[in-house]
Amino acid sequence: MTQLLDVRGLGVSYRMGRTWLRALREFTLQVDAGQIVGIVGESGSGKSTAALALMHYLSANGRIDGGDLRFLGEDMLAMDAADLRRLWARHIKLVPQNAGAALNPSIKVGRQVAEALKAAEGIADERADQQVIESFRDVNLVDPAQVAKRYPHELSGGMQQRVAIAMALMCQPDLLILDEPTTGLDVTTEAVILDLLRALISGRGAGVLYITHNLGVVAQLCQRVVVLYAGEIMEEAPVAQLFASPRHPYTLGLLSSLPKAGQRKARSRLQTIHGNPPDLRSVGAGCVYADRCPLTIEICRRQKPPLEEVEPGRLARCFRWADVEFPAARLAPIHEAAQAEAGVAGQMVMQTSQLARHFSVPRDLVDMLRGRSPKPIRAVDGVNLRLRHGQTLGLVGESGSGKTTLARIVIGLEARSGGKLELFGADIPGDLRSRQQDLLSQVQMVFQNPQNSLNPYRSVRQTLCRPLVKLRGLSAKAAEHQAMQLLEAVNLRADYADRYPDELSGGEKQRVAIARAFASQPSLVICDEPVSALDVSVQSAVLNLLADLQDEHGSACLFISHNLSVVGYLADVIAVMYLGQIVEVASVDALFRAPSHPYTEALLAAIPAPDPSQHSERILLSDDLPSAQDLPSGCRFHTRCPRNIGEICGRDEPPWRETGSGQGIRCHIPLDELAVLQAGAP
Amino acid sequence: MHVTPAQSLSSSISRNLAGIGRALRALFSGPQSALGTALVAFFFILALFGGQLAPYPKANDQSHDARVSPTLDIGSLQLGAHPFGTDRLGRDVYSRVILGASSIFRIAGLGTLISVVLGSALGMTMGYRGGWLDELLGRVIDALLAIPALLLALVMVGIIRNLDFEINSWQAALADEVTLLVIAILYIPVVARVARSAALDIKTREFVAAAEIRGESSAYIVFREILPSAIPALVVEASLRFSYAIFLVASLGFLGFGSPPPSPDWGLMVNENRGGFYRLTPWALEFPALAIALLVIGVNLMSDGIRRAVQKGGA
Amino acid sequence: MILFLRRRFVFFFFTYLLSSLMIFFLLRVLPGDPARVIAGGREATAEQVEQIRSELRLDAPLPQQYLSWLGDFARGDWGTSIAFRGADNRALISERSINSGRLALVALLLSVPLSLALGVIAGLSENKLPDVIISLLTLSVVSLPEFVTGLFLINIVALGWSGNPLAEALGWWFPASSAVPANASFGEMLPALWLPAFAATLVMLAYISRLTRAGVIEELKRDYVRTAALKGIAWRTVVLRHVLRNALLPTITVIAISISWLVSGLVVIEFVFGFPGLGSLLIAAIERRDLPLVQAIVMVTVSVILLANLLADWAYAALNPRIKLG
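Residue numbers (our numbering), protein chains in the order written: chain A, 74 to 755; chain B, 4 to 318; chain C, 1219 to 1544.
No lab work stands behind these hints, which were simulated from the structure alone.
Mixed in with the good hints, there may be bad ones.
Straight line, CA to CA, 20 Å or less: simulated SDA-like cross-link-like pairs of lysine to any residue [claimed, not checked]: (1) K448(A) x A429(A); (2) K448(A) x R459(A); (3) K181(A) x K1346(C); (4) K543(A) x Q515(A); (5) K1346(C) x G135(A); (6) K1346(C) x Q35(B).
Only chain A is shown next, with the shape it has when bound in the complex (with noise of 0.2 Å):
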């Protein structure tokens, strides 16, 4: 076998300031023709770096800082800017991270994918033309001719992706770097995007390098994993060894960290890695990843380990690589009590009825003197829903289903178009200034991105006291007093009460701003995609926190997530959300066992699984999401529903029928012929 890349002790380094950063360091790496090899790395851990690395590429304030780089046994390092140039065209291509921004706005995506066949070739505009409406096809893009005379914004994200995969492959490249292609996308888009490179990558005999942070989409695609951190590479390993036995303390932790399927925030506690990943400032002589490790001896902060092989083809980066072990019994049992209360009726804390939220478009003069208005977009659309006291309800939908606008019904900060909402048993107000403050200490949020929740200016004692004074009327020092238990409660040490957000990680600032939710003492606390900003290595602990406090204090909580296992690990009931409708409710045991609504059942079967072994099927949805502007006619999902049983979906609203256990959906299929159609499913 060819071996087309071969790294070797690569560094790289970009001025930030007067310092140079040095965000990749010691990368070895080699990729053989027909070999599709994953990197896989947290924010940061400089992915992205050795991704354009890899091609040379650098941005005006990088530089190399040594080692080596061959294709095919050419120094890359040593070639001049036409021979790269010769390169890129022909033999490497990156489809790269966010295809939207990556494509030209003002021209016409066909024309950009000729330009790189063009590059690449040298053909007539005639020919080029052809072969990127062919190329359009092979990506399974619908009318490629259609498509290709459009520009990208008037692309779904998904269609967008599929051009640059287009862009990239029809040049036959040698090698293909992804970037996180599919980051960005809705999880059911991610499938269809995935399933497409895998029947084109193979049989190519290309070598493939996929960057992505999502151990699932490695778990799935690739045959080797790197797995990178702070910079450098913590472990090398074929997939299957990697996920089965770890031989880093790091990729014990990260797999760790994922919530199992089945795993339930009542039985275990989810396994974390503590701390934060360092500054590459300051990168010092021992191992980098030594201040979060739990085998971590004296020798490990004093001397950097070597990247040696541990077994035939498997690298690791670790002194103690021969310690690391998948603890045995990964669902210890805690909180047995807790389960069995969540189940019983406690208190009604929220209800829902024919809960609406319709955004009309702005009018113009000339529209308002006719007398037209254009059709509102419905974002909430008659949305019952119940929630109970100590319970935790689960909210998931692709985005543009509606979540966080029905979330910000709740908490009053979106007004409602019509329907009744009921918290704590009596009828509630749009208006959120029109609320008692007694109501407002009762209801409180966490909000998605950590970057804004918290404001600059404020330090963490100010943020903490501040509700703490006008909500639960406390006194200044009262609060003060308060807000050091609080924070003790969110696990940051008392000397943060003097830092600003600036001096905080993502994961702290999430703690500071669950901790200010909390301080209140609410009785529901909506917390909207809290974890989905965060890399996985925070994520399971701020999860943990969510769990302990919520227990603690005995609130509900309304859990708005777009990534079902971390909402399967938390909820107690999970509601579906399709194009502003509720489209299933279940118990998470329920849903989980046996998915009735046909969305319901393709999201699940999207989700890649963190383990190699573990092929779901796929169902693939067709097309992107309708507009809320253009809802389709009879049930919402009938144009992209795999089970679609012919006119009457697209003509009558479905019924919504319930079980006698609490489940119910929102099709015309009844749920026992669901029932055998998906046992039944290939």
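Got chain A; can you put chains B and C on it based on the hints?
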């Protein structure tokens, strides 16, 4: 230690001050902005202590020989009797240039300050509250901005100066400060627009939503939550406004719409000595023109430096 | 697209009405009696004031005054000048507008290509020598007040050049004053236009080139530039085909906005050079307290500025594929 609102405000100020300190250091790190800041500081000192520094501190002192050539000798750094010469009326140009600094700084500085304070408050409130009032005010601001600032200033100054007010009435007092007021009025909408767009951006951040669900008042949210994050943008705008204000004051003075004749207004001095008089006493035009040029260049370089420093420093 | 054009037009219409309202009321709401101002302030006799009041219908209620004024303006009946002894305001303004238009045209033809080129060069060489030189130039020399550069041009360039033997040989010199007859033809006027046009060019240069530079720098940082470079095409092609296409699009709007800048600049420049344009007419009108003439001039100026903005918006929309449905 417990925290009173005053303490929390002072700490947010000190945090901003720390930012400003960083920005100041950044200002002097680049040669261009350091030069600009030094020039502005130089003229600011003249403005403050002009009365003490000028050899002939009376603005309309015509007691000297007329049309004396400059005695300044750059080689030996000797000032001589009349460093910049005297004009055709026998006034010492050097003294008049020094005395002129104070009016341009006072008018441009105070005008900018008033417009920044009022414009920020207006714009932030508009941006945060939104609704029909914001819509209406936004349109009014757009309409005002369609009229070039200099034209508006000329018209307003020209009209007000021709009104007859009773001596010592408040209107008369206001009419004396017409240029200052016109600058403030002209720039309020400009600053308001910047403050409004900053508020629109900041109010989408989640800490504002967190304050709303705590039941905070609008005033609290605008001034305590949103304002601190808007200060960098406002500082940049203020420095930009100041440089335009200097420009405008000089231009108005030159066109004859600034301070009335005997006053040592630089623009006016340039205007009084152009045309045929230029042949007689070129220095009487050149030195005030040079002062204007240096001040404008200085202010421009400094405000560009402030913009860079703030953008680089982030918060 | 159509929707966008329509919306911009509605916006234009609103702004225009509002500005007219402001121009009208600005001169009425200011403390004092407009009739007395026009009549000559303190020295005017009661009869003079009364006469002007009835001539200009100043005793009607304000809203009615506004409507009749706006109606007259729209019909083209701009009244007769007080300051210029009964000359027809419209004829006066249109003659001067043409002159100012010629000056503005020459200035635009000089400044737009020059400032775009400077901006692109500076943007492509961010923080390198050409950029530092250009930005120092635009920040300092070019941002001087127009009267300073204007006087420099008159006293140093025009007067210095005139005695020069080379100028004698070429037979071409710059007139130190641009006080040509107001009804001169373009050809007759051209020699007198160069210096004021150059002064006006400097006004625009700083503004347009700095925004162009910022646009180029911003576009260079975008992901699509990397995509294009990694296609293996030459850097020159990347810049010409990808970067400039996106970076220069917003300059349409920038140029339109800088028209407002130019108008202010022209007032001063015409005054300095004694050029018979709209700006020098405005200053004369203000000095002679001819309020109707002042109002008409400001209305014409605002019309030009708003129209330029509207056309720029439309052109931008037509050239920018991202605005389709608006």
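Going through the hints against the structure:
As the CA atoms of K448(A) and A429(A) are separated by approximately 15 Å, the hinted pair is consistent with the 20 Å bound. The suggested pairing of K448(A) with R459(A) is violated, with an alpha-carbon distance near 30 Å, which exceeds 20 Å. Annotation: proposed proximity of K181(A) to K1346(C) is violated, straight-line Cα distance about 33 Å (limit 20 Å). Between K543(A) and Q515(A) the alpha-carbon distance is near 13 Å, which keeps this suggested pair within the 20 Å criterion.
Our distance criterion of 20 Å between C-alpha atoms is met by K1346(C) and G135(A), whose separation comes to about 17 Å. The suggested pairing of K1346(C) with Q35(B) holds, with an alpha-carbon distance near 14 Å, which does not exceed 20 Å.
In this structure, the hints that do not hold are numbers 2 and 3, in rising order.
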